[in-house]
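There are 4 protein chains.
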Amino acid sequence: MRVDLNSDMGEGFGAWSMGDDEAMLDIVTSANVACGWHAGDPSIMHRTAEIAKAKGVAIGAHPGFNDLWGFGRRVITGHTMDELEKQVAYQIGALQACAALAGHRVTYVKTHGALGNMAAADDATALAIGRAIKGVDPSLVYMVMPGQATERAAEKLGLRAVREIYADRTYADDGNLTSRKIEGSVIHDPTLAAARVVSMLRERAITTTSGRKIPAEIDTICVHGDNPAAVAMARAVREALIAEGFALAPFAPA
Amino acid sequence: MRVDLNSDMGEGFGAWSMGDDEAMLDIVTSANVACGWHAGDPSIMHRTAEIAKAKGVAIGAHPGFNDLWGFGRRVITGHTMDELEKQVAYQIGALQACAALAGHRVTYVKTHGALGNMAAADDATALAIGRAIKGVDPSLVYMVMPGQATERAAEKLGLRAVREIYADRTYADDGNLTSRKIEGSVIHDPTLAAARVVSMLRERAITTTSGRKIPAEIDTICVHGDNPAAVAMARAVREALIAEGFALAPFAPA
Amino acid sequence: MRVDLNSDMGEGFGAWSMGDDEAMLDIVTSANVACGWHAGDPSIMHRTAEIAKAKGVAIGAHPGFNDLWGFGRRVITGHTMDELEKQVAYQIGALQACAALAGHRVTYVKTHGALGNMAAADDATALAIGRAIKGVDPSLVYMVMPGQATERAAEKLGLRAVREIYADRTYADDGNLTSRKIEGSVIHDPTLAAARVVSMLRERAITTTSGRKIPAEIDTICVHGDNPAAVAMARAVREALIAEGFALAPFAPA
Amino acid sequence: MRVDLNSDMGEGFGAWSMGDDEAMLDIVTSANVACGWHAGDPSIMHRTAEIAKAKGVAIGAHPGFNDLWGFGRRVITGHTMDELEKQVAYQIGALQACAALAGHRVTYVKTHGALGNMAAADDATALAIGRAIKGVDPSLVYMVMPGQATERAAEKLGLRAVREIYADRTYADDGNLTSRKIEGSVIHDPTLAAARVVSMLRERAITTTSGRKIPAEIDTICVHGDNPAAVAMARAVREALIAEGFALAPFAPA
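Chains as they are written, first to last, in the working numbering: chain A, 4 to 257; chain B, 4 to 257; chain C, 4 to 257; chain D, 4 to 257.
Check each hint, because a few of them may be wrong.
[Unchecked claim] Computed Cβ-Cβ distance ranges for the label pairs, DEER-style:
1. C:R108 to A:S188: 46 to 54 Å
2. C:D85 to A:S20: 25 to 33 Å
3. B:E25 to C:R108: 41 to 49 Å
4. D:I245 to C:D85: 49 to 57 Å
It is worth saying that the hints were derived from the structure and are not from the lab. Quick caveat: nothing in here was measured; it's all calculated off a predicted structure. Glycine included, every Cβ here is placed at the ideal spot set by N, Cα and C.
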């Protein structure tokens, strides 16, 4: 009964900040650290790694498209898969170096935003990311969506995978997230979100909006921290998990 | 009687190219690879590492200011030394990862442009760069200017240093380069440049414009490749060194 | 029997150059000037406007996606049409100001690369661009593809349109360019290209790969200058037009 | 007894926000709008112009160095004055176009951050900015520091100048701001700041830290809005001015 809680971190840029990282680093066990392409800069990356280290939080690279303006949420097409592979590798290496200066170590990779959505849905993209991970360090863990292209890519490449679910999102019958455009696709009630997470972990299955249960090993729960309500939900999920007897720990400690 | 020839490489960006890297990789023994901040992108970095590997050329990280528009030649002030340290680490790590995908390995660091000029002249800057190198991988070699701040920083931090001279530049009595604004500070005649290099290597001293000889161990010669005349000079220097019995080899093979 | 020759210009960036603008400004009558988002910078924009002014060449804004790395050739989705409108306006205004400093004036707008392709195919995009043009200065001319979304947008918004064909490309039966991926879609023979252009102008029709003739008023011919072969083709087209009695002149002089 | 209140606005970027522009646009009479180089993007620029228009607030271009990461606070050297002139023109034009789409009009220019500091202290820089203003539109007003290089540049170029003082800063005997590094150089008490402003307006003089009074026509007061305390101070200054019988109005209405 062990599970990990992960959240995106270090998503400020220069003078701009995003979310309450200090609070979140007391809640989660793994921090997905932006690598300077959709957010983050070397100082923020270093500082995030430093605090994570002090609090026993694992860190992962959180690469995205080269798109500070769009916060990595814009879809950019026109790269070959070879180019994409190098772009992901670049970001992993950059974080590894900043983490080394903080005495910490990157142990996993989770893609961000539009790149993450493409990776879940498209095998070629998921494989390109997997090749980047493997080429940089084959001991890095690939954070994947259960049943999606990223899980298949990790398996094909022989990378260790961890499967994640989102605390605040509903799932379609194909096991992927429902579109944010659909009403009700984002859960705002912390109690409901926490109860859903506990139930999916106990049942070892993703519950879809139609009530279907898709069997899935769940290793980590994604929570958010970009506004006070999100932090409150993250805390609620953490407390519910502890109350239900789950041990919270990084899936890949440094 | 061993010496290394180094040159800046991979300084295109996206659709733009700079210099004749293919030709230069047949001339030099060490390639200073731009890391995406003043030039270069992940694909170019990977490709440069791949060709270097195939030709037995060592690669070093060539970090600069975050200034694609100014090609890293603009002085940017307002960073703390701590911030600068992380900026250099970021670039080293990014290249390490791209090189790993090409089966090659970064063995040294040489700073670029305005950052390089600052590092030669300013101890705090040279030390910040040295701390980045040491923090990322203490076995990385720091390419320094003999007698300048970079050499002192490497010594203070216990990093291996290699000392370089420029084939096409004259030296002032303080051992630093004369300003490009002074007429005659840049040597355009390949024969003259080659003769100067051979003479300084033989005498183990830098010859200044006043005729002074400053004793210096010289490990590597910097040549350029950004235009056909530069490539011709690089080739002339290489041929003169071989003719004089020097063995050309990377100071830090992968 | 008047026609205009247009080409993309000012597509260097900082230390990087692209094409032979000086040569092209002796060939064309209208210069599409990059506005700093896919290429170009204020100094290049100013310089291009200055030379164009001296040579009697009209200038147009050549806005693209905010994508220096991809040279505006990558498709970026996730902007609303409202956002796109402001992005295009921004670029037009920036060039207007740089041109003013050179004593020249922007008289038209032609979109670049991936944005241009989207505009030709998608009415919403073409209209957003048209609204930007109209909002900044309703006397600006919209350069369009005959029969495509851009032509419809100009008409709907009451903007003056000029219709262009490409000297080096073949056309499908829908009047749009054939994909570059199809063999033969790009014409490399200057004589053939020149003959095609003359024939389409005389017939007032676009000839498609199936031999169909699509009636079209043709106001301007797009030629390229990014390599010596392209410059040679541009010159061949110019000479053929003059030999056939066409008067070359900007469709919208400053 | 008329005076203007100005503040920097539109200094978010993409997903990141900065300050409370909505609140500030109810307090000030002139908004210095970031032009996308140190902050701001076309959508933010347009939205800021739109709200300003609705509230009767004048807008000015607020150009800075091309430095989103450093928020325009880093000093970047290595541009010629000619290059700087084009950079400023570019930004003015970009805002003019975005403002046109919002039905508003740019009436003045105030430089930002490190560029602003350089302009106050250096005649060549102040003149380059002035030439940009004059070249783009000679009816634009140049916001200057009384007694500094910017004031001299405006006079030399025949541009209308407005003189500003800062509500929250102390002044040295040379009439320039004291360094932020000196304790007490930034005023945090809204009542004190408001009283100082009223006093300097009444006395038509800048009071320096030594008690000296430097005669100065004061046309506008700069306030800030990047945090709740700053907004509170801005409001206090506004209320004090109204209570003292000053009429608040833009110095250059659209």
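So, going through the hints one by one against the coordinates:
A C-beta distance of roughly 50 Å is found between R108 (chain C) and S188 (chain A), which places it inside the suggested range of 46 to 54 Å. D85 (chain C) and S20 (chain A) have their C-beta atoms about 27 Å apart, which keeps the hinted 25 to 33 Å range intact. Distance hint for E25 (chain B) and R108 (chain C): a CB-CB separation of about 44 Å, consistent with the stated range 41 to 49 Å. One distance hint, 49 to 57 Å for the beta-carbon pair I245 (chain D) and D85 (chain C), is violated here, with the actual separation near 37 Å.
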